[in-house]
Every structure is written in structure tokens, then in C-alpha cells.
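**Student:** Build the full structure now, drawing on both the sequences and the hints.
Residue numbers (full-length UniProt numbering), protein chains in the order written: chain X, 1 to 224; chain V, 1 to 353.
Keep in mind the hints are simulated off the structure, nothing from the lab. If a hint is listed, it holds; no wrong ones were tucked in.
Capping the alpha-carbon separation at 27 Å, the derived lysine-lysine pairs in DSS-like fashion look like this: (1) LYS111/X / LYS9/V; (2) LYS6/V / LYS111/X; (3) LYS126/V / LYS100/V; (4) LYS113/X / LYS262/V; (5) LYS6/V / LYS128/X; (6) LYS77/X / LYS275/V; (7) LYS185/V / LYS213/V; (8) LYS138/X / LYS6/V; (9) LYS138/X / LYS262/V.
Covered stretches of chain V, going by a simulated chain X footprint (3 or more residues, C-beta under 8 Å): (10) 3-15; (11) 255-265; (12) 270-283; (13) 339-350.
Label pairs and their in silico Cβ distance ranges: (14) LEU5/V / SER125/X: 29 to 37 Å; (15) ASP207/X / LEU5/V: 41 to 49 Å; (16) ILE255/V / SER122/X: 34 to 42 Å.
From the three backbone atoms N, C-alpha and C, an ideal C-beta is built for every residue, glycine too.
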Amino acid sequence: MSVIELRNINKIFGNKISRVHVLKNINFSAENNQFNLVLGPSGSGKSTFLTIAGGLQKPTSGQVNIEGQPIEGLSSKDRDTLRLNKIAFILQSYNLLPYLTVKEQFVLVDKVKNKGNLDSSSLDSLLKKLGIEELQEKYPGELSGGQNQRAAIARALYTDPSIILADEPTASLDSDNVKEVGSLFKSLAKEQHKSIVVVTHDLRLVDFADKIYEILDGRMKLKE
Amino acid sequence: MFLALKEIKREKLRYGLIISMIVLIAYLIFVLTSLALGLAQENTQVIDSWHIKRIVLDKDSDINLSQSLITKKELSTFKLSRKDAYIGQASIVVKSKGNKKESAQFIGLDKHQFIFKNIKLLSGRKAASNREIVVDEQFKDDGYRLGEKVSFNSFSGKYQIVGFTKGAKLSVAPVVYGTLSAWKKMQSSRSDFKASAVVSQSSNFKAANSQLKSYSSGKFINQLPGYSAQNSTFTFMIAFLMIISLIVIAVFLYILTIQKIKNYAVLRAQGIPAKILVIATICQSAILVVSGLIIAALLTILTAVFIPTAVPMSFNLPILLSVAVGLIITGLIGALIPARIIVRINPISVIGE
Ligand SMILES: Nc1ncnc2c1ncn2[C@@H]1O[C@H](COP(=O)(O)OP(=O)(O)OP(=O)(O)O)[C@@H](O)[C@H]1O
Ligand SMILES: [Mg+2]
Chain X
1 MSVIELRNIN
11 KIFGNKISRV
21 HVLKNINFSA
31 ENNQFNLVLG
41 PSGSGKSTFL
51 TIAGGLQKPT
61 SGQVNIEGQP
71 IEGLSSKDRD
81 TLRLNKIAFI
91 LQSYNLLPYL
101 TVKEQFVLVD
111 KVKNKGNLDS
121 SSLDSLLKKL
131 GIEELQEKYP
141 GELSGGQNQR
151 AAIARALYTD
161 PSIILADEPT
171 ASLDSDNVKE
181 VGSLFKSLAK
191 EQHKSIVVVT
201 HDLRLVDFAD
211 KIYEILDGRM
221 KLKE
Chain V
1 MFLALKEIKR
11 EKLRYGLIIS
21 MIVLIAYLIF
31 VLTSLALGLA
41 QENTQVIDSW
51 HIKRIVLDKD
61 SDINLSQSLI
71 TKKELSTFKL
81 SRKDAYIGQA
91 SIVVKSKGNK
101 KESAQFIGLD
111 KHQFIFKNIK
121 LLSGRKAASN
131 REIVVDEQFK
141 DDGYRLGEKV
151 SFNSFSGKYQ
161 IVGFTKGAKL
171 SVAPVVYGTL
181 SAWKKMQSSR
191 SDFKASAVVS
201 QSSNFKAANS
211 QLKSYSSGKF
221 INQLPGYSAQ
231 NSTFTFMIAF
241 LMIISLIVIA
251 VFLYILTIQK
261 IKNYAVLRAQ
271 GIPAKILVIA
281 TICQSAILVV
291 SGLIIAALLT
301 ILTAVFIPTA
311 VPMSFNLPIL
321 LSVAVGLIIT
331 GLIGALIPAR
341 IIVRINPISV
351 IGE
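**Tutor:** Below you can see the structure in the form of C-alpha cells.
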């Protein structure tokens, strides 16, 4: 099933004098057991694509459906709720609040969303799988880059989202950590039926992806 | 509250510094307020103790008691009731062997009139002759004793302290109550003066002579030398300290918010409502101000306990509480700027960086 679907998306920035047509007629859909990788050079529109897919900004034209529902008419509050419940964002950095321990990052989620989060045994096994179960009392500043990113992934998965959108999640990681994150995304798609969309120019992730797209000059095409 | 407390716990040094800043400002505000109040009281205490509504002075005295002299003739048309009294005021320096000189306000009274009758004695008795005086307790604190003979500046003769009273201060100097006749002797140049002023506890007391004028006690107090200048100086200082604390809190929270803005943007992208972050900031501001106020209040209590009685400070709980409430409101206003920034965070700004 298509969990996330973009139809005929166009995004134009600017006014009459200076216009940038960043996304041109993008059609994209992601299934609930797929790890999709979107590649493209800097400035090609990857982040713009991702934020439109996640409902953070509106396309100039076209339609975005999440679990079959168009999100066009949703109020900004409803979009917040949608992101809190169904969509997780993982970014290159700033994913964790520096003054909360890893464990407290989950407590913060509980404060705003008290239903549908992982129960403590699922959280424990997730943390174990990520290899950070010993680090729960640590602050983000005390973690390595790889540990930080794995904690960020745990934080994103805590709400049990159906969609994970990630923008350059591996940009600051060394190859070993990239491999771990890559295989983690892959297993999340296969075992937990998540729909994963990663935009990046990190080619080290291609081995793990089910589908690879490329954005060039505002157009998106499937590579393999 | 969760976020607010966790952040303070994690950033103890930062928050500790800002709290100590608020402590100092709040303590300064408390002390200045008490000092302002104490000084204001010592300016007017004796007048307040008389409970007068009107005061009649020479119309050319510029509403200044020490510039006002009223002659027998001007008073000839007055009929004084039980609620009216003459007072004769003179600035004096009290001297005695073995004690330090003391600047004081001499108030000459008629012993048949209400002020004399209403003097509340701490010890001793009221004056029975022109050479006897009742003085404010400050003289006692400074080592003067009952029965002691004192002299006034260059005036001849000795006066004997026969009683102590309390709460008798005028223009921040202790009052020496004597008789009108004694006062008259001090006015050497002309002898037909009767008093400096006529005061009355009834609000419709009129000046029955064109050379005299009647003023309300409020107006008279405001015109006491230096009184309103002093009060406005203090008000100005306290207001300025309030504004300083507003800016300190606003700048501090602003900088902290700016530092966290990327994290907040990610939280917003993750669907965490801005409301939670705004509440955390407001809570932090409240925690900062309230904990600063509590420590400052403790310091103020210590000050009140250990301060020498000679320092004119008056710790008035309702007034200090309203100052504290003012500071809390100030803190909340200070949180508005960062709150506005948080509400306007655009999550996209952080994505793709
Ligand atoms: N708010 C905006 N206003 C105007 N132009 C914008 C805006 N946001 C993005 N752009 C432009 O759109 C284009 C695509 O930007 P985007 O951030 O999506 O690229 P990207 O592929 O993510 O690049 P990178 O790999 O460097 O992160 C760029 O040319 C950028 O300047
Ligand atoms: Mg980008």
C-alpha cells in the first residue's frame, strides 16, 4: 500500500521577477515496507521535496496523500498532530534536545502524545538493537556522532510512525556508522513495515535501499 | 515545567548566574523600598501622630513651617476648639555633657491643647514648666537619660528631659517637645509672635486672617523640605531597577532561546506543539524570578534583623509583596520576546542544513 504519495508536485520559489522552479511535476510514492533513497546534487531540491512530503510546506501545485488522505486542507495544528503520530523526521543534527538525557527525550514525547508510543519492552529491544541501551542516562553532548544519530532514530521511532523522512542522516558519520544506519533503515522497512524516505548525497547508502531516485534539474527519476 | 526544570538542572551555572543577578537586583529593590519608606516616615512621623487635617501658616512662608511666624494680633480673631492647637517649631542642636550633639526639631506646645494632651510617653512624665522637655526615644538610644539637663545651641539656660516619647520624628530629626513659652524665648528679634502654625484635626478649619493661609496636611507634607524630591528619587531608582531586571531577564531568555532555535525547529518538525516550548520559557522565567525573590527576601529579612536602629528603614510587608509581584510580572513580560520567537519558528529553516 502507498503510505505516502506525491502527485504532480511543482514548487516555485520567488516572485514575478526572480522565480526558481525547484520541483517540476514530481510523482512519487512509497510503500510501507520500502527503504527509498533520493539522491541529487546540492541545491537540486531534495530538502524541498522532503518537507513537502512531510507537510512542512505546501507545494505550488499538486497533491500529497498520507495513508490515502490528502493533507492539503489540514490546519497547521492538524499537521502537527499528523507529524507527531505518523511521520518522523530525522535530520543531520539537532535531533535531540541537549539538556535532556536520551531517556528523557522519550519522556518529552510522552508529555505531548500519551497514546500509541512504544511500550517499555519494545523500547528496550529497540535500544538494544541500536546498541545504545547502556547510554540512556547520557546527554546528547556525551555521545559520539554515531551514537547520537542512533539515539535520534530511536527518538523518531518512539512515536511508532508509519513514515520516516530523513534528510542527510549520515552526513556526519564514518563508514562503519553509515553501514549500521543503512542496515537499520533496511530492517525497519522489512521487519516493522515502515515506509522510509531518505534524501542525501551520501552514496554509501545505496547498497541498503530498495529503490533509488535521483533529482536533477527539478525532475525526479527512478534509477533502478 | 518538565523542560524548564530539566534545562535549569543541566545548565546550573548559567541559571545560577542569572538567578544571582536577579537576587541582587531584587535585594536592592527591597532595601531601597524599605529605605524610601523609612525616610518618608521619619519625615512625617510626628505630623502623622497628630492626625491633623489642616495647618494654618503665614501666607508668605512658602508652605514651610520653619519660615512661618504668626503674631498674636493675626490670631486675635481665631477661636480655637478642642481639635485645634498652636505649634512653635525651631531647628535646634541639643547638647549635654558626655553625649554627642543631636540635631533636633523643637516643637513648642500649649499644655491645654490636644497635641500636648495626646503625647504618648514611653517613660517619665509630661513637661510641667518651661524648662522641661519630652524628647523622642532616639535621644534615649543615643545615651540621654531621664532627668538629664541639656542646652540648645546658643540659647541660654538648661532644659531638663522629663519624659521620652516614641515615633516623634520631623524631617528625619528627633522631636523635642517643649512649651510655647520656651519657643517664644527662642524668637529673640520680636516678642509678639504666638506660634509657627495652627494645626487642626477638623477638615474645615479656616485661616481667619488675610495674612494667614490654611493648607491640607497632605499638601503641607508634600512641601516638607526635600520630602517629595526624596520620594521621587527613590521611585525613579526603583522603577529603573525594575526596567533593568526586565531587560536582564528578556536578554537572557532571548539568548538562550536563540541558542536552542535549531533544536526547537526540529521539535516543531517532529510535531511537538509550539505551546509546550512557550510554556517552558515562561515557566523558566517564573522560576528564575521567584527563586531570585525568595533568596532576596531572606537577605532582606537578615538585613532587617541586623541593621542598626539608626538606619531609617521600614520593612512593610504589603508594599514589599507588591514590589515582588511587580518583579514577577516583569519576568513574565521578559519572557514574551522569546515566546514570540518560538511561535514564529519555521521548521523548514533547519531542514537541509
Ligand atoms: N524558501 C526558499 N526561498 C527561495 N528559494 C529556496 C527556498 N528554499 C529553497 N530554495 C531554493 O531551492 C533550491 C533547492 O533547495 P533544497 O534545499 O531543496 O536543495 P537540496 O537538494 O536539499 O540541497 P542540499 O543538498 O545542499 O541540501 C535551491 O536552489 C534553494 O536555493
Ligand atoms: Mg538539503
